[in-house]
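**Student:** Sequence:
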Amino acid sequence: MDKLKKAFTIFTITFSTSITANSGYAIVAVLRNILVEKHHWFTDDEMNDYVAMAQSPPGPIAVNCSLVVGYQLAGPLGALAAVIGVIIPPIVIMVIVTYFYQNIVTNKYVRLFMSGMQAGVVAMLIDIIIGMFTTVTKRKSIYPYIIMVVAFAFIRFTDISMAYLIIGCIITAVIKTVITGRMVKGQ
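Under our numbering, think of the first position of the sequence shown as 15, with each following residue one higher.
A portion of the hints provided could be inaccurate.
Claimed, not checked - Pairs of lysine-lysine, DSSO-like flavour, derived with a Cα cap of 27 Å:
hint, residue 1, residue 2
1, K190, K154
2, K190, K152
3, K17, K52
What the hints assert, rightly or not - Pair by pair, the computed Cβ-Cβ distance ranges are:
hint, residue 1, residue 2, range
4, N47, M128, 32 to 38 Å
5, H53, N117, 37 to 43 Å
6, T191, V163, 16 to 22 Å
Derived by calculation from the structure, the hints in this document are not laboratory data.
For every residue, glycine included, the Cβ atom is placed at its ideal position computed from N, Cα and C.
Work out the full structure, taking the sequences as your base and the hints as a guide.
**Tutor:** Here is the structure:
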C-alpha cells in the first residue's frame, strides 16, 4: 500500500475511532484493537511502546498516540493524517456543545447519556490496563512489577507530578539497561 493510500486509511481509522470512543484512553484502546488485533500492523509490545511514548510529552494521549502510530505506518504524512483524523471530531463536538451549552447541561437525557458513556469509558480503561499488564508480565522479570507498584504508590499516595514520575521511570529503565547490559557482556 503506497503512503498516500495508507495515510488516508490512517485518517479514516483515527477519525472513526475519535467519533466512537470519545475519550483519550478509550481512543487508545480502540486504536490498539484495530492496529494490533484487526490489521496486525503492530505487535502488543510495539503498541505498548508507542502508548508509553505518547504519554511522555504533554498533550492529549489520543493525539500523541495517533501521531506516533501514524508516523510509524506512513512517515510524516501518516502522522499528519492521524492527528487531523483524531482532532476533527472533538473540535466539532466542542463547538456544538459550546454553542448549545445552556440547553445541553440541563437536559436529563444528555445527563443519562453522559453517565452511560462514563461507564463505557471505565470498561475501556480496564481493557487497556489488562492488555498492557498482560504484555508487560510476559517478560518474566520482577523489574516491571517493582516499577508498577512503586509508580502506583507515588500516583496514589503523593502529589508528585506525572512528569517527574515518568522521568524517574525512564532514568530507572536506563540504569537497569546499562547494568543488565554490562552483566551480559561480562559473562
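**Student:** Confirm or reject each hint.
**Tutor:** Status of each hint after checking the structure:
Only pairs whose Cα atoms come within 27 Å are accepted, and K190 paired with K154 is accepted, the gap being roughly 15 Å. Proximity of K190 to K152 is assessed by CA-CA distance (about 18 Å); at most 27 Å being required, the pair is judged to hold. With a C-alpha separation of about 20 Å, the suggested pair K17 and K52 falls inside the 27 Å cut-off, and the hint holds. At about 24 Å, the CB distance of N47 to M128 disagrees with the hint of 32 to 38 Å.
Remark: the range hint 37 to 43 Å for H53 to N117 is upheld by a beta-carbon distance near 40 Å. Separated by about 20 Å at the C-beta atoms, T191 and V163 satisfy the suggested range of 16 to 22 Å.
Of the numbered hints given earlier, the model fails hint 4 alone.
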